[in-house]
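There are 4 protein chains.
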Amino acid sequence: MKIGRLQAFSDGVFSILLTLLVLDFKLPAYRDGHLAQAVLNQWPILVAYGLSFFYVGTLWLFHHDYFAKIKETNWQLNVLNLVILFTVTLINYPTSLLAESIAQQQRNDMQFAFSYYALVALLISAMFWVLYRFMAQHHELTGYDQNHERFYQRTKNDPLKSVTIYLVALVGIQINPWLGAVLIIAGNVFHFIAYLRLSQGIEQYGLIKKG
Amino acid sequence: MKIGRLQAFSDGVFSILLTLLVLDFKLPAYRDGHLAQAVLNQWPILVAYGLSFFYVGTLWLFHHDYFAKIKETNWQLNVLNLVILFTVTLINYPTSLLAESIAQQQRNDMQFAFSYYALVALLISAMFWVLYRFMAQHHELTGYDQNHERFYQRTKNDPLKSVTIYLVALVGIQINPWLGAVLIIAGNVFHFIAYLRLSQGIEQYGLIKKG
Amino acid sequence: MKIGRLQAFSDGVFSILLTLLVLDFKLPAYRDGHLAQAVLNQWPILVAYGLSFFYVGTLWLFHHDYFAKIKETNWQLNVLNLVILFTVTLINYPTSLLAESIAQQQRNDMQFAFSYYALVALLISAMFWVLYRFMAQHHELTGYDQNHERFYQRTKNDPLKSVTIYLVALVGIQINPWLGAVLIIAGNVFHFIAYLRLSQGIEQYGLIKKG
Amino acid sequence: MKIGRLQAFSDGVFSILLTLLVLDFKLPAYRDGHLAQAVLNQWPILVAYGLSFFYVGTLWLFHHDYFAKIKETNWQLNVLNLVILFTVTLINYPTSLLAESIAQQQRNDMQFAFSYYALVALLISAMFWVLYRFMAQHHELTGYDQNHERFYQRTKNDPLKSVTIYLVALVGIQINPWLGAVLIIAGNVFHFIAYLRLSQGIEQYGLIKKG
Chain A
642 MKIGRLQAFS DGVFSILLTL LVLDFKLPAY RDGHLAQAVL NQWPILVAYG LSFFYVGTLW
702 LFHHDYFAKI KETNWQLNVL NLVILFTVTL INYPTSLLAE SIAQQQRNDM QFAFSYYALV
762 ALLISAMFWV LYRFMAQHHE LTGYDQNHER FYQRTKNDPL KSVTIYLVAL VGIQINPWLG
822 AVLIIAGNVF HFIAYLRLSQ GIEQYGLIKK G
Chain B
642 MKIGRLQAFS DGVFSILLTL LVLDFKLPAY RDGHLAQAVL NQWPILVAYG LSFFYVGTLW
702 LFHHDYFAKI KETNWQLNVL NLVILFTVTL INYPTSLLAE SIAQQQRNDM QFAFSYYALV
762 ALLISAMFWV LYRFMAQHHE LTGYDQNHER FYQRTKNDPL KSVTIYLVAL VGIQINPWLG
822 AVLIIAGNVF HFIAYLRLSQ GIEQYGLIKK G
Chain C
642 MKIGRLQAFS DGVFSILLTL LVLDFKLPAY RDGHLAQAVL NQWPILVAYG LSFFYVGTLW
702 LFHHDYFAKI KETNWQLNVL NLVILFTVTL INYPTSLLAE SIAQQQRNDM QFAFSYYALV
762 ALLISAMFWV LYRFMAQHHE LTGYDQNHER FYQRTKNDPL KSVTIYLVAL VGIQINPWLG
822 AVLIIAGNVF HFIAYLRLSQ GIEQYGLIKK G
Chain D
642 MKIGRLQAFS DGVFSILLTL LVLDFKLPAY RDGHLAQAVL NQWPILVAYG LSFFYVGTLW
702 LFHHDYFAKI KETNWQLNVL NLVILFTVTL INYPTSLLAE SIAQQQRNDM QFAFSYYALV
762 ALLISAMFWV LYRFMAQHHE LTGYDQNHER FYQRTKNDPL KSVTIYLVAL VGIQINPWLG
822 AVLIIAGNVF HFIAYLRLSQ GIEQYGLIKK G
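Chains as they are written, first to last, in this note's numbering: chain A, 642 to 852; chain B, 642 to 852; chain C, 642 to 852; chain D, 642 to 852.
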């Protein structure tokens, strides 16, 4: 089967998830004439929204480029993609918890919210690791050749590195929530770098034209 | 008319419905420093979300593969597809009721919520049965041949089996809600198996290439 | 410019609007053990949802078939399509008002809600009339020929008939809200019939192949 | 990489954002029999919705035509497009604030809401300016020639003009919120005119066929 509808469906889920995140911005209770102060106090929502938008956005970029070199799909890949999308949609809720707990500045609650976020991020990266492994074993879906192999060797450990970052973040959060926050952001930056490597690798090895 | 826009529109509805389900996760009332406990008490939402995500996801997989062998659409198929999508969107509300009633652990309410869920699932399967029947009578839309016929004979009773499972579930729920829950999950597992059979059948009989 | 992205964008708006309508189903206040009664009392939501799902669904069917015979777009058609989509999205709110006012059974409120609904439906039909007129004057977008002309002559008054039905409905609602409700449903049925005529006309005159 | 999925993803975000705006219409508190008055008092929601629908709709038109002349994408354009979409989604919240503050008629709150709206609009235009600059330097993505150059020279300052309008609006709002409102609308009208110039320029210079 062609990969087209899998891509379209995934694009749908990613774009809806990104856009639903804006629903976290809700009119605050405020006194007449003090709307500005009430909205500015909502800065944690903007921070959490920005973080998750770029995280999910990067995941979409990644998904976009990664599937660009795949020609065919089968039921296993369909199911695997569905599980990946499931884990990605889970990020929506901890995004709200993040904003809420930062606004309240309660340490325990921040630790919980950050841990939840890191755990979902860890799950997402773990699922991408499964995807990498699966694609390495199903050459019939990509028109696998030496270039694919070289590319795979270069990038195959990226998801495990992400998993490790989020594991460290989970530990760090228990020590100090802000240390955990820095590690979560580091994880997102790492995803972005991994995306750049993926994108450049695909071009360098000519995987789309040859694939 | 080409089948492309019908697929795109259906992909849209499926992906939006899946993603809207995350809106069921709502910030609970909680005391400062006890966010973790309040969120962990929301486990029924996660369970209901997981169940419906995989149910609707499987329906999408099914829809994806089933329509992959169809080349053309006409007004009847357009309308039939719309009715199917209508029944699928109805699952959103009983998913919330499921989570709510499990959280409250009130037997009557659980029986009602589970029955509602099973009833919608039954309706969806019944509509797929109508779709199977319709496609068997409109060979002009698929480029029907002996392989299509053999495939149809092998799979034609799948939707009726699903309907039967949900009928049994409806009875079971009245005896014990958890018995009904097991039967609903059995129904979802059966859908997944039916999807695998569909996917393999399409490949085995070469329905997409020849269709 | 190709018509493809206009169709994809419109499919997006239609499918999101349809699916957002399910958000009208909200957990009611209820006493423990009486969830069933509370949900069954929400039947007006189901009625309003069913009505609007099939109305918007029929509009999508219509849009689907109508644009299937168009090959190119220009800025005027892009803008016109955007205005049509704007009027269609407006149906979401009177759908909620419909459900609310039927639930409360307050005559004045029902008259207002039904009038709002009929007014938006009237606007939508009026915009489709503008679309018909526009397409009749821009033959370069369709590869216009005698068959297009014959088809146009046969269907050109359909939107004005719809406008008339909704005008009558607006008057009828002031006499008796239920009379208005019947006329609104009549309008929706008329849309469906107009869709069938459109679909058959396109096939009969071979507008897609020749267009 | 082909530009197709970037367009599909962007169409998704635009169409979802447009449709989510309808969620601002919420059932007001009202006394039995006075629903009409309560809903009519919500006119600021309709005004804000209309404004943002046409603003975001125009941005989509613009995006549609602008990317129609681009053939390929690379990681920089993917990221840039994501940042543009991020800024566009931010318009959702000030749209709600606009409606709320106009309804309350409190001058300070209106100034804040209008300023927020103008600031997001300014950001969006600034990002489009970055896009224009980027495309002028990456001819390999469009099949750049003399016509592209002429077209670029003619339109290159459009985003800066928009930025200027919104800067003036930001100042104007501090003097009188309604003056600011007029300038925001002027900005939207300017976008629409810029879109028309873009659309006509693309046709005149034959950028899509040659591109």
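To be clear, the hints were calculated from the coordinates, so they are not data collected in a lab. Any given hint might turn out to be false.
Repeated chains share a single entry, so a pair holds when one copy, or any two copies, can fit it.
Said to hold, decoys possible - Listed next, the in silico DSSO-like pairs over lysine-lysine satisfying Cα-Cα at most 30 angstroms (straight line):
#1 667 to 712
#2 667 to 797
#3 712 to 643
#4 797 to 643
#5 643 to 667
Is it within, between, both or neither when you check residue 712 against residue 643 at 30 angstroms Cα-Cα? Cα proximity of residue 712 and residue 643: in one copy and across copies (7 angstroms, 14 angstroms).
Using 30 angstroms as the alpha carbon limit, work out where residue 667 and residue 797 are close: within a copy, between copies, both or neither. neither (41 angstroms within a copy, 37 angstroms between copies)
Reference check for the pair residue 667 and residue 712, CA-CA at most 30 angstroms: within, between, both, or neither? So residue 667 and residue 712 fail the 30 angstroms test inside a copy (42 angstroms) and across (39 angstroms) alike.
Go through the copies and call it for residue 797 and residue 643: within, between, both or neither, with a Cα cutoff of 30 angstroms. Close inside one copy (25 angstroms) and across copies (25 angstroms); limit 30 angstroms.
Homomeric proximity label, residue 643 with residue 667: Cα distance no greater than 30 angstroms: neither (41 angstroms within a copy, 38 angstroms between copies)
In this structure, the earlier hints numbered 1, 2 and 5 are contradicted, and the remaining ones agree with it.
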